[in-house]
Amino acid sequence: MQSAEEKQAPQGWKRIGRAIMDAALVPVLAIFSAIIVGGVVIAVVGGNPFAAYLGLIQGAYGSTKAWSETFVWATPYIFAGLAVALAFKGGLFNIGAEGQLAFGAVATAWVGYALPGMLGVELPAILHIPLAIGAGMLAGFLWAAIPGALRAYAGGSEVINTIMMNYIALNITSFLLNGPMKDNNPLNVIARTPEIAEGARIPVIFDGLRVHWGFPLALIVAFLVWYLLWKTTFGFEIRTVGANPDAAKYAGINYKRVIVLTMALSGLLAGLAGAVEVTGLNYRHELGFSIGYGYDAIAIALLGRTHPLGVVLASILFAGMRNGATRMQFLTQIPVDIISVIQALILLFVAADAIVRYIYRIKAKEDRLVLTRGWGG
Amino acid sequence: MSEKKIVLDARGITKQFPGVLANDLVDFDLREGEVHALLGENGAGKSTLMNVLYGLYKADSGEVKVNGENLILSSPRDAIYKGIGMVHQHFMLVPVFSVTENIMLGAETDHRATPNESPLVKLDRKEVAQKVKSLSQQYGLEVEPAAIVGDLPVGVQQRVEIVKALYRNANILILDEPTAVLTPQEADDLFRIVHELTTRGVSIVFITHKLKEVLAIADRITVMRGGKVVGTTTPQETDEHQLAAMMVGRDVILTVEKEVAHPADDVLLVEKLRVRDVRDIETVRGVSFTVRAGEILGIAGVQGNGQTELAEALTGLRRIEGGTIQLAEKNLTGKTPRIFTESGLAHIPEDRQRHGLVLGYTVADNMVLCDYYKAPFGVNGVLQQKALDENSRRLIQEYDVRTPSPYVSAGKLSGGNQQKVIVARELSRANVKLVVANQPTRGLDVGSIEYIHKEIIAMRDRGVAVLLISAELDEVMALSDRIAVMYHGEIVTTVDAKSVTREQLGLWMAGSKVQQPAA
Ligand SMILES: Nc1ncnc2c1ncn2[C@@H]1O[C@H](COP(=O)(O)OP(=O)(O)OP(=O)(O)O)[C@@H](O)[C@H]1O
Ligand SMILES: [Mg+2]
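Going down the list, the sequences are from chains F and R. In this text, residue positions in the first sequence follow numbering that gives the first Met the number 0: the first is 0, and each later residue adds one. In this text, residue positions in the second sequence follow numbering that gives the first Met the number 0: the first is 0, and each later residue adds one.
A couple of the hints might just be wrong.
[What the hints assert, rightly or not] Below 25 Å or equal to it, Euclidean Cα-Cα: the simulated DSS-like pairs (lysine-lysine) are:
1) K248(F) with K230(F)
2) K13(F) with K385(R)
3) K373(R) with K255(F)
No lab work stands behind these hints, which were simulated from the structure alone.
Bound conformation, chain R alone (with noise of 0.2 Å):
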């Protein structure tokens, strides 16, 4: 390992926001060929780091080395030309671009013979298909240049992405936070690119709050905190306990606690209930349930069958195509989200930039988007700028989220912590009866994830209905009393969870007939 030799160093960088010191003299190198690891709470500084290294950000001190070869890394370009490749998630595609003319996009082949010729000459597509299908080939990331990328599963997007920054030659490729949004069998998928990636000598800068997938493919972990670097090891060396202990600096129990649940009344009453996605394609086919007052009701089920439409037409979202929705004995068939929300609904939206925050709005502005009307945030009309300070510094503190102040801009906050802020809304509004939550904990660090479901626990033994809806399988057992198993747009399944294995749900959730009666 070590005579490999250090493709990037990084030595000293620090990187100041108003009332942040993001980064504090971070040291950071990356070897050849090698997968490395960089862990931390949420807000601790790790997409900083690398957007220094892409050349986003501008460090305030402290110097970059790529090969051997002092850099100043002024702009992306400068980064893509020396070879360094950063994965966002899927908001760098344009969605309604081919693949093909996503990966070209800012690195057009220029073809004319001399610089006097007109630069409008036709875009060759033809060509860099070629490169993208042989690219493919090579490194086993299936894509189809003619897709439309707006069309593809988010991990088909990310393979786009990675194909994209290897097809500007990177050999050191940033992965922030990669497989937060796949399911298991597309990380499963990206880690065998990854190695496969890194056996052909590519380089790889691997975010990920998720201590497992850590000890499987890192070569070295690295872990900040506070800005700071606390250290730096390798998975032969440690394990989950002691990685989770170094993020959060505290003992972290990943085992969720939790007593037997006592379900009273149906709170959340579904049936036959039918709904479309924005394709127009009937993706929830005819689910019937209920969720109980004092349970947690888990949906397990690969993305992407029907999950996120359910949620949608639970909340008021997307119109339904049929059946019915009750909740508290209200039928709100067909009903706005405010009166859901009123008749007791909160809300953990799946696409948390896209419902559930206003990335302009203040952090307490965000704290009572759903609410802001009702006292005390809102009495006559009038916002009562007084009482959304105080919420917002209770939550705050509360649920521990990193930032300056209440004023800060939503935007500005780490990924993790713009979560903690829709999670502590939700969880704190009065008057709640049922709880939706969509992927509760996505991109959250493990010690805020021991709190959240210790709050949604808390809220279950209070009496209130959850609905659980998660791609992290663990999660689901964790948490859910009960289990259903979302197939094709269809419930196939409900069982208790106490009484199920891993295995079995895996074989349901790809799609094999029930056997036993449900439960």
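Chain F with its partners taken away, still in its complex shape (with noise of 0.2 Å):
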């Protein structure tokens, strides 16, 4: 009997293969059906949903420039929905990246354009950059622990905490582009700060494309985080704390302490996001210019299916259409807003999985039954 059982095990290579349809299967679907009712609702207001789907094709991903601009949008994508998404696999529902994105680009630019001229010399690159991007990382990281602290030690909500840090950090960032960091150029009238120094950038891909290192640092930082999670120690304690604390606790794991990092580590890598944009993009920190990035992180964490791989998937999608959007409404009028229904429908029908499944018919596990059979199974 054992050996039969053996040979219908997947293993290896044919496990995983199926691991991932069966964890993409619904964010498949759901894609697909919101594509299905975006089009509808772009056909009652009077538009051609097929000349719309090929514009924003043709916009996101129809040419080399048309790449170029997706993944500079997927590039803040990423970190911010790899930061959800770790925090998710904690157990933790980090809605802060939005304000640990701002504090990280605040202080990314910061070290960018004051820096130098406090100690008087010229940075060369290879210190600048990191410098710039681990102020940034580092912001993120002591912003975020806060709400980890106040969850861990003293039971307080992390969603509720990380939005009201949202704004505590907006408002700060806006005294401080308006205020002490106000690029002062007599010509400026916007709340931002001074461009950042020449040797604190991050430096292009393809010469006349904007596509700029960060991308691919994101995926690097995406296979770290995938690393984290499943190959390291601290990520078993960070999962175990997630899918069952009162396990975690008597494994042995100092869940406080795993509940704080997982947090900061969130924080940290909302704050990548932020100093990405900085460095890589902007080379200032503008007050606006990032607003959103948090919050659709959260949609393209689960989506995703807070995998780093799906998170990556997610991001490239999520920019497409947003980058795409643009040549859409240029080719067929219809509003770049159409954009928001359809992901808001995408996160709709991943949020909503049974749906999904009831209209394609899929089978639910029925490992989803277990809580059903109570202790004696």
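Both chains are sitting in their own frames, so use the hints and assemble them into the complex.
Spelled out as structure tokens, the structure:
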């Protein structure tokens, strides 16, 4: 009997392949459904869905330039999506990516424009870029550690605290960008920092295209997050605390410390999103540039099934939609806002996966019923 | 007997899970007013079969007839509608709801005169409470309708489940391992209830691993092994040994064989320990005892007399109010669970799904739940997949865990096999000096119990100290070298296991004063 069972049990690559199929099924169907429903919406408002989607795809993935721009969009999405996904794995809901990202950007920008002046020397890129990015990561790390500590040691809901802290962060940012950190170039009227030093800028990959080395960095970080979560003992602790806090306690895991660190690492990744936007794309921090990344990140993490690979794919999809929308509007006069509708629909279908399963008659996996078997099994 | 009509008839039920044929052409029938016991090894397919009959799982093939009518059960709702009720253990109740609310849940009476009226009418708790009262009187199922379920002992929660099924007019009742979590008294109450129900025409499927129970209450007994029915018999025709052999396919030694103990130094030293429970009531009240290397100290006591809190305190899981704990000459009072395990503690927890396992993790991961960070499993902070694999393959083999592979998530194993994963993990840990085993064989089949008892005794003989807490008095008596009786949070006496009778222990457990001087 044992040998027959062994034969049927999926092994190695086959097992991994099946796991990916299982995990991807609902997101893919959700996207598909959202495209259909979105098409109906476009038709109802008098547009031609086919033309609209064609424009969207062209704008997003239709040329080298389109791909470049999509990757530019995808870069902060990946970092912020990873931030939310990592927290999710630890059983924490980080709604604060937006604020952590803003602080990351502020810190990076400051190191980028002010540090050489303070030190009185021009820093070489090899030093300045890591310093600037490191400052952004540190800012996110520390800012997110606060709700983490509140959760671990005082039982405060990290959901509420991170939301509140977003307001605090954005208001402080606004104060800084309008006051002490304001670009005092006489021509400047908006709330933004001065430009960062040349040496603090991440170079572009190809001349003439905006995509910069921050995108490959995002892919590397996605790999590192995956490695951390599934290959290290600390990742084991994070996942255990997320999956069953009581068992984590039983296993001797210092779960309070794990909660604080998970949240802080999540903030670090969000801070990285801001840091890379500043050093790779905008070369300064400007109030309002990032509005929404931190919230889109939640959708991306969910669509990506909180898996780093899923986050990367979801980011490229969301980025493509944002990027292609302009061309779609240009070609078909359908407002870019339809993209938000489609994204919302995707999220709705992913969240309500029972509906998707019902529509496509997919049997729910029977392990979902485990709870009902009671402990006696 | 045989002229009784058949109320439930399942033919050729087959159910395949990835890697496991859980039910293989199973035939099973139930007659009116009988108790039909279902026996079988862990992973034999009992729960699967019952979940098919209850509509939770869809069989790959086979047919189910209820009262002669062919049915396709596709959800529990259908099953309930046809008068089938199933009692899983406590997880089906909402702990913060009252008994009445739990019973109403999913069967809220609709009081609207016309369908156009707002559906947001007030729930009629009174009427339900009334019916609950009358049901509980009728069947002798004492439950207090207004009580909050989370506050009730497990035995009473189970009664609520039964009332819930009866409230939905169940005349076929499936009880999946109902006695596993009950105290002997509660189990006796349950048997009385079962008897009462059958005299009123309710037919009952009763799953259990306890052979004595089967012989005492079943009208017929069906034994499953490896997804197939091995045979059906009656208590008159069979005995414990024969049943055990039928289940496991070999002879099982039902009595525990062990040499005399050679206790050495004190390993665990507990002094004046005081602990509060979740409700902030002091349930361990100044307990002192020692466990020596090479001996098994059993704690006998009716459940709820502080054993749970005692075990949690001794493993660092629960804060203590006073007293000291010393393990292997180290003072561990107030230390974290990690320091306890580092000092040589292995802990088989009482609640396997809450503490013992991460259900979503693979068997391999669960088997290193406490040692993941240590070589050979964790080296420089990196998990060594190969070591995890080897470890789990070895333990699966040694402890006969029935799983298609080490990579199946623990939640997919049968209840007993989940327990085996924990026991295997804890008993195989390196450098163990003390084992705290709380209900170590709960939900296991006789063959597995035999094996685990042997392992525990082997550990004792290797010089490990064992603290055994079990609701099974038989288990405590069979394994222990000394027995401490716990009553109302205190250890009333500690006696030599060989010189005490079951009856005497029973009296002490019930609170009668100790006459003789303690050993
Ligand atoms: N949801 C599921 N997914 C995959 N396999 C499952 C699932 N449920 C049960 N199995 C497998 O089916 C087999 C039979 O399991 P089942 O729970 O019916 O056993 P059981 O006879 O009730 O055992 P126990 O006495 O331990 O409760 C086991 O090998 C188990 O691993
Ligand atoms: Mg079972």
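How the hints compare with the structure:
Restraint check for K248(F) and K230(F): the C-alpha separation of about 21 Å stays at or below 25 Å, so the hint holds. Distance hint between K13(F) and K385(R) is fulfilled; the C-alpha atoms sit about 18 Å from each other, no more than 25 Å. Using a Cα cut-off of 25 Å, the hinted pair K373(R) and K255(F) holds, with the two alpha carbons roughly 21 Å apart.
When the structure is compared with the earlier hints, no violation turns up for any of them.
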